[in-house]
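Peer 1: The primary structure of each chain is shown beneath.
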Amino acid sequence: MRILVANLRHLYQRRGLWLVYVVLAFLGLFLVERALSAPNHGGGLFGGFLVCSFLWGLLVAALQMEAASKTFSFCLPDHREAVRRLVFLVGLVVSLAFLLISVALLVSPSSPGPFERAITPGGLLVLVLGSFFCASAAAYLLGAHVVFSVIYGGSVLGLATSVVVLCIMFDVLETIQYPILHWPVGVIALAVAFGLASWWWLGRPAWFRRSCDRPWIGFFDPWDRSQIHQRYRALFATRFTRNVPPELDRFFQRVIATRRLSSPARYAWGALYTTCVLVVPQWRGPLMLALAVVTFAGYFPAAAPMVMGFLPLMTVGFFQSPIGTALLVAGGRKERFFATATLILGFSMVWVLLFGVLVGLTHLLAPLVPAVTLGGDTLNLHAISFKVVLIPLALVPVVGLVQTLFCRKPVWLALSIMLVTAIMMTSSTPLGLYQAVTPALAVVGTVLSWGICMSLLYRIAMYSDLARQ
Amino acid sequence: MNDNGSIVAMEKISKWFGGTKALDEVSLAIPSGRIIGLLGANGAGKSTLLRTIIGLYLPDEGRATTFGTVARDLGPRELARIGYVHQEGELFNWMTVGQLIRYVSAYYPNWNEDLERRYITDFEINIGARVGSLSPGERQKVAILIAIGFKPQLLILDEPASALDPIARARFLDLLLELIQTANRTIVISSHILSDVEKVIDHAVIMDHGRIICDRSFDDLREQYHRIRLTGLHGPLPVQLPFAGVLDCRRNGTEALLTVRDQTPQCIEDQARAIDCEAEIQSLPLEDIYRVVVNEK
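Protein sequence lines correspond, in order, to chains A and B.
Everything in the first sequence is counted per the numbering used here, starting at 1 for the first residue and increasing by one.
Everything in the second sequence is counted per the numbering used here, starting at 470 for the first residue and increasing by one.
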């Protein structure tokens, strides 16, 4: 089998990819429909297809990167050349397909397109179509370069969705197609130059050497626990370079050592210690984020419960459930449960204190801070209700439960947190609902959250396997 | 083995993972003062068995007790006597090695700092390094240190040496031998590197598809299986060789190489003399014993 054909098979052999195609097709159709339904029919059609080409570039490059990052592929004869040829081949086919679809849509009597304006001198049609074809190929290559240079494959879909959302939000489709219609020769020249440079760039041995064994989480790697662990280790090695002060180390070690062997407090302190070592050196990030979020909530108080609920959800990144740890210290199942409950309480308290202080600051500053005018709207800093301080108390146990359940299943963990976020958004965004929450209702909700989560955690700790296959 | 005086006793333990039966009515008793080799192919159920002993896994059927306590209910007092090296070497990646050692040592009143210092020197452990940045071999060294630092009464080692280099493996085996010199200390070691394991174990448990197919002292196994190099003293070997219990035979004219079971060296020599041959008798290495036992079953 030819190498090029073998690489092309990546595009259809992996059944999971069909889901990706569906998402991309949905995004593409959405863009085209948006362009065709614009006041000037077809107003952003070329722009829409350029974005689609960019998305294809992301996808194809991500698949090729998955192969190129595997060490065995470095020594495969002629594999390097095949990657470059495949990337260009798919790019040309995709651009040609978009060109044909564009022509079909634009020459249709029901869809008078932007040509009416652009081709008024006559005879420019071929030039504009050539310009679109070249720009489409360049957009595709740009997407490929983004993947090759910057991001992990697993985030391609997120990036693709963000690009589409931003294009729609800022209505840039007409803007990005403007050069195609008005400076076709310049676009062709630039695209050809970019294509030649890309051809040279992707053919360099140095590019392949750098890609070989590059940390890379592919489309389906999040299902593979060992891949995630490997990446986590690399992350800890490179990012977590600061330590807690030695006094803190000594304090915790002394406290753990001086508790009785059978005292649950010993294990609770142990859990607090290991978490402090992780969290304390990173304190600036969450604090700055909390400041930004509370400031935003101060100006848009209706959104306060939702945006301030996001922060406790972030806890999942720092929460290492003692129930599921495979590191055996002397604690039994009960001690593991107790340590986990303590950790949940600790995180809740930290968020409550932080939110309490920041919300209190909004009460102090609201009368003093002058109004801000933004885009014609006048924004005032409001004092945020102290009720939001209870949000972490209700949410952190849920985070602890989710983390304990899915600590070794990253995809399920992410999906669960997304689900919690979605529930939170739908239940707290409606304006009336937030105001309708009485202190008594908030306390009942918090007690319920703790009751359900703790009983489930106890059940997991006492009656399930504590390490996974 | 029988249950009397055992520190670990398992009775008809079965464990399922979905549709896979990882342990199939396993019964095992581990007396104190032994080094037990737990052998088996990938997926044979070794890790599941070890995790069941310390209560990380709960059996679906049967009963497992460790130090006289049901494994599920093992508390601090019992667990403080057990050291465990996890197959996947799961450690706290964000800590430095020094922090991790101090953290673990804080749990054990009898932590041996001399042993720790010596181990760190012998195994060239960098205590300032971040655990997440360690190579697999270095992680394994740290995992071993925190499992043995308090001189546990029961040491469970699940593939402890797979990532160690040959010199580190040799030092590790010496360490195990040193540890076992203390009375009533028990080590259960699961490993694929049988040439290493056979240097230290005195008992072998062989698993296959979730069942224990052999549970015997290593000396008995070595006496049970022999390899014979047979050389005809005056011409070619007879067509029919007189040995019983032959498991494998390869021959070429005047020489033959046989693997036999349940034959004493004296009996083999007598039979060889009877056909005018010289017999060179060797015990089988553990790797061959393992292969023979698995094939026999």
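No lab work stands behind these hints: they were computed from the structure.
A hint or two may mislead.
For the chain A half of the interface with chain B, some residues (derived, Cβ under 7 Å), not all of them [said to hold, decoys possible]:
#1 ALA67
#2 THR71
#3 GLY130
#4 VAL329
#5 ASP465
One side of the interface only, derived from the structure: several residues of chain A facing chain B at Cβ under 8 Å [said to hold, decoys possible]:
#6 PHE240
#7 GLN253
#8 ALA257
#9 PRO286
#10 MET288
#11 LEU466
Note that CB positions come from ideal geometry on N, CA and C, so glycine has one too.
Peer 1: If you take the shortest Cβ to Cβ gap from A:ASP465 to chain B, is it below 7 Å?
Peer 2: holds (5 Å)
Peer 1: At a threshold of 7 Å, is the proposed contact between A:THR71 and chain B supported by beta-carbon distances?
Peer 2: This hint is violated: A:THR71 lies away from chain B, its Cβ roughly 16 Å from the closest one there, beyond 7 Å.
Peer 1: Minimum Cβ distance from A:ALA257 to chain B below 8 Å?
Peer 2: This hint holds: A:ALA257 lies near chain B, its Cβ roughly 4 Å from the closest one there, short of 8 Å.
Peer 1: Is the hint on A:LEU466 kept, meaning its closest Cβ partner in chain B is under 8 Å away?
Peer 2: Hint holds; A:LEU466 Cβ to chain B Cβ min 5 Å, cut 8 Å.
Peer 1: Go through the hint on A:GLN253 and say holds or violated, using the shortest Cβ distance to chain B against 8 Å.
Peer 2: Result: holds, 5 Å to nearest chain B Cβ.
Peer 1: Restraint: A:ALA67 near chain B, CB-CB cut 7 Å. Satisfied or not?
Peer 2: Hint on A:ALA67: violated, closest Cβ of chain B at ~25 Å, above 7 Å.
Peer 1: Please check whether A:PRO286 passes as an interface residue: C-beta within 8 Å of a C-beta belonging to chain B.
Peer 2: Since the shortest Cβ distance to chain B is 15 Å, the answer is violated.
Peer 1: Holds or violated: is there a CB of chain B closer than 8 Å to the CB of A:MET288?
Peer 2: violated (20 Å)
Peer 1: Is the shortest C-beta separation between A:GLY130 and chain B less than 7 Å?
Peer 2: Violated. Min distance 52 Å.
Peer 1: Interface hint check: A:PHE240, Cβ to nearest Cβ on chain B, cutoff 8 Å. Holds or violated?
Peer 2: It holds, given that the least Cβ distance between A:PHE240 and chain B is near 5 Å, below 8 Å.
Peer 1: Was the hint right that A:VAL329 lines chain B, CB cutoff 7 Å?
Peer 2: holds (5 Å)
Hints 1, 2, 3, 9, 10, counting from the list given before, are not met by this structure.
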